[in-house]
Amino acid sequence: GDSVTQKQGQVTLSEDDFLFINCTYSTTTYPTLLWYVQYLGQGPQLLLKVTTANNKGISRGFEATYDKGTTSFHLQKASVQESDSAVYFCALVNVGDNSKLIWGLGTSLVVNP
Amino acid sequence: DPKIIQKPKYLVAVTGSEKILICEQYLGHNAMYWYRQSAKKPLEFMFSYSYQKLMDNQTASSRFQPQSSKKNHLDLQITALKPDDSATYFCASSQDQGAQNTLYFGAGTRLSVL
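Just so you know, the protein sequences line up as chains A and B, in that order. Mind the numbering: the first sequence is residues 1 to 113 in the working numbering, read in order. Mind the numbering: the second sequence is residues 1 to 114 in the working numbering, read in order.
Treat the hints as calculated values from the structure; they're not laboratory data. For glycine and all other residues, C-beta sits at the position ideal for the given N, C-alpha and C. A hint or two may mislead.
Unchecked claim - Covered, in the sense of this in silico footprint (three residues per stretch, anywhere, with C-beta under 8 Å from a C-beta of chain A), are these stretches of chain B:
{"hint": "1", "stretch": "10-19"}
{"hint": "2", "stretch": "47-56"}
{"hint": "3", "stretch": "76-84"}
Unchecked claim - In silico PhoX-like pairs for lysine-lysine, Cα to Cα no more than 20 Å straight-line:
{"hint": "4", "chain 1": "A", "residue 1": "K7", "chain 2": "B", "residue 2": "K41"}
{"hint": "5", "chain 1": "A", "residue 1": "K100", "chain 2": "B", "residue 2": "K41"}
{"hint": "6", "chain 1": "A", "residue 1": "K68", "chain 2": "A", "residue 2": "K49"}
{"hint": "7", "chain 1": "B", "residue 1": "K19", "chain 2": "B", "residue 2": "K3"}
{"hint": "8", "chain 1": "B", "residue 1": "K19", "chain 2": "B", "residue 2": "K9"}
{"hint": "9", "chain 1": "A", "residue 1": "K7", "chain 2": "B", "residue 2": "K40"}
{"hint": "10", "chain 1": "A", "residue 1": "K56", "chain 2": "A", "residue 2": "K68"}
{"hint": "11", "chain 1": "B", "residue 1": "K3", "chain 2": "B", "residue 2": "K71"}
{"hint": "12", "chain 1": "B", "residue 1": "K9", "chain 2": "B", "residue 2": "K53"}
{"hint": "13", "chain 1": "A", "residue 1": "K100", "chain 2": "B", "residue 2": "K9"}
{"hint": "14", "chain 1": "B", "residue 1": "K19", "chain 2": "B", "residue 2": "K82"}
{"hint": "15", "chain 1": "A", "residue 1": "K56", "chain 2": "A", "residue 2": "K77"}
Input sequences plus hints: build the corresponding full structure.
Structure representation (structure tokens):
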């Protein structure tokens, strides 16, 4: 069945460092891939969305590119700020199951000032 | 202002008791959901409602019962609480059932069962 894998449990960076969060997926359909961000004490909120039509999502300095060859959807940001500290979730829309989302385990980003 | 209101924010219950988690959304959405978030586990889909009708139930236990009194309300009743039920419960909504690629979440209710 469809699946999403986030192997990094936590990433610790300093301000202005480059961010790379790994996400790979498995699906037999054309994927719609999402990144959600969850700040402390809040619910997840959609950060960006990518489909096979646009291949790349960009939002608030974050970007993710869909790579069919490696079935990856990594999240990147050139220069992180302390305010980016949060948990980042990769998700896949499962069109074969009422469009339910399949979620990764999340990657906790800690940015030190 | 928050568009999805969940009450209470924190809830402590004793084993065997019953609690109701409240959710109201003011986004004009037609579909609402409940998710559960536990440590070391992915976000877990529980229920989906569309136009106040149950569309999907992925919760094995009948102790969890959603209740929708209005289109923008979806409460979650949990009976015979167990310590394993301790988690943060999120209410979410989307314009329609098929638009789950754009989910909006509330801030959650953190439930602790002692």
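Hint by hint, here is what the structure shows:
no.: 1; hint: 10-19; in the structure: violated (count 0)
no.: 2; hint: 47-56; in the structure: holds (count 3)
no.: 3; hint: 76-84; in the structure: violated (count 0)
no.: 4; hint: A:K7 x B:K41; in the structure: 13 Å, holds
no.: 5; hint: A:K100 x B:K41; in the structure: 17 Å, holds
no.: 6; hint: A:K68 x A:K49; in the structure: 15 Å, holds
no.: 7; hint: B:K19 x B:K3; in the structure: 23 Å, violated
no.: 8; hint: B:K19 x B:K9; in the structure: 13 Å, holds
no.: 9; hint: A:K7 x B:K40; in the structure: 12 Å, holds
no.: 10; hint: A:K56 x A:K68; in the structure: 12 Å, holds
no.: 11; hint: B:K3 x B:K71; in the structure: 14 Å, holds
no.: 12; hint: B:K9 x B:K53; in the structure: 26 Å, violated
no.: 13; hint: A:K100 x B:K9; in the structure: 25 Å, violated
no.: 14; hint: B:K19 x B:K82; in the structure: 11 Å, holds
no.: 15; hint: A:K56 x A:K77; in the structure: 13 Å, holds
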